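**Q** Chains X and D, in that order, are what the protein sequence lines are. Anchor point for the first sequence: position 150 equals 150 in the numbering used here, and the numbering is continuous, going up by one each time. Heads up, the numbering used here is the position in the second sequence plus 1000, with the first residue counted as 1.
If you are wondering where the hints come from, they were derived from the structure by calculation, not from laboratory data. Small disclaimer: the values here were computed from a predicted structure and weren't measured. For every residue, glycine included, the Cβ atom is placed at its ideal position computed from N, Cα and C. A hint or two may mislead.
To be verified - Pairwise CB distance ranges, derived in the manner of DEER restraints:
id	chain 1	residue 1	chain 2	residue 2	range
1	D	G1166	X	I108	38 to 44 Å
2	D	M1053	X	P102	47 to 53 Å
3	X	V173	D	T1136	53 to 59 Å
4	X	V73	D	D1114	39 to 45 Å
5	D	P1109	X	A92	30 to 36 Å
6	D	G1080	X	V173	27 to 33 Å
7	X	A92	D	Q1029	40 to 46 Å
8	D	D1128	X	V173	40 to 46 Å
9	D	P1072	X	V169	29 to 35 Å
10	X	V173	D	P1072	23 to 29 Å
11	X	R202	D	E1086	24 to 30 Å
12	D	T1136	X	H147	18 to 24 Å
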Amino acid sequence: MLELGYFLQQCLNGLSLGMLYGLIALGYTMVYGIVGMINFAHGEVFMLSAFLAFLAFVGLQDAGVMSLAVCIVGMFLFSMAITALYGYALEAVAYKPLRSAPRLAPLITAIGMSILFQNFVQLTQGAQVKALPPLLTGTNILGMFDHFAVTVSDTQIVLFISTLVTAVVLYAVIHKTPLGRAQRACAQDAKMASLLGISVNRVIAITFMMGAVGAAVAGVMVTLYYGVLDFYMGFLVGMKAFTAAVLGGIGSLEGALLGGVLLGLIETLWSAYFGADYKNVAAFGVLIFVLMVRPSGLLGRPTLEKV
Amino acid sequence: MTPLLALDHVCSGYGRIAVLQDVSLSVGQGQIVSLIGANGAGKTTLMMTIAGMPRLSAGRIGFEGDDISQMPTETLIRRGIAYVPEGRRIFAQMTVLENLQMGAYFSPPPKYRDDLEAMLTLFPRLRDRIRQRAGTMSGGEQQMLAIARALMARPKLLLLDEPSLGLAPLVVRQIFDSLVSLRKTLGLTLLVVEQNARLALSVSDYGYVLRNGRITLSGTGPELLQSPEVQKEYLGGGL
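The following block holds chain X by itself, in its conformation from the complex:
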């Protein structure tokens, strides 16, 4: 059990899980960066996106689309677009009316929206688990280590590529475009941004939509990777992704991905060597340890400069 091949295989699997966490963590970290609070309904946005991907798949099958590539692209596009609208609606209902309210109020509405989304999906899609046959079944052997074949599945390859593309696009938007400049300006001083003519409400709404798109990529990938959905799946995954964002340093995009990958690796390696029973204890234990040593997370900015 201590062979190199087994270890490498578990690392690859952990990386896959970690990228899913990282994709969802991007939404937490972006929203935190701009409005300074945790969107606790974000896990449910991820859950919705997985169901939307499932519905898109069923719809495309019914329409007689045979090509697997078209199906997968269709799932991505449909889920990303509708999930972005959910992100917009969530912000408009739960956050916008409470912009100047005390901090606690939008936290409560976020939890309310979270319960609403869960019940909405339970009512419309049913409470039983939905399962999808594996769509991408191919596996590729990367190498042999003492008769242990280390493999990467086609699904994992799609996951790696889609995660990297999403991260690079989000990074480029935030650091290289006028919209991203406005987002960073609002994050630093929203009042000043509005004194420059920026519509802060619009920028915040777009940020929620961008975060939702990140969650949607994760939602589609979970549908392809595990193929098992239920209306309650957003809760634990959402908590884990939130943990990943805090671990990496909330407010930092790179931190969200790094935190996600670390969390995925810890969980998977722990399960591989010590059994799955205490994997969450291990994951949250590492979070507690990191926060004790570095309260602002791995890549978080510890101090603000004087203004």
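Once you have looked at the hints, place chain D on chain X.
**A** Using the frame of chain X, we list chain D on its own:
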């Protein structure tokens, strides 16, 4: 001729705390008008009320003849009012260039390039520091950046809140000199709030004295400089 900016019997404040009471003033096209007063007189509240944060509770604010008192802040900023707030409020984590780009958020690219060049010529220090994070600059440089950022929007009216705050006298002089030259070159109109009354009035066409939220005195720059009340209260005369 209607003035560029006109406040008619404006009352404003925060929640139930009234700050401004029945304030009327006007700023003509191309004028430099200064507003002087002690700490807590309501100068910043007056400036922020013009920008719509907070909203006035009574009265009217006219800009180019239109009532702007109910317009959202971003709309009236886009109509040509730029604001350099007290304490500068530059985006410290962003570069100097990014700060200037934020000022020109609604400019088409060719206009933006010309304006950027003009600002870097006016404030050469900013050119040297264009890729630097704004928060790492000195106070005077940050003030120049705050003014340049506001001017990038090509405003018709520039509201300037305490530009001399915390700066060395020489830097303050430089900043005021550049403001006076801007009025000549760009035809800019300025409303300046200033603690340094002597400096502000010496470059102003007209001035108002604000005291406990009311205008108590107004006149041309030289008139106010001569007035016994201004000399006693704000110029340190009689000491």
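**Q** Hint numbers the structure violates, sorted upward?
**A** Violated hints (numbers, rising): 2, 3, 8 and 12; every other hint is consistent with the structure.
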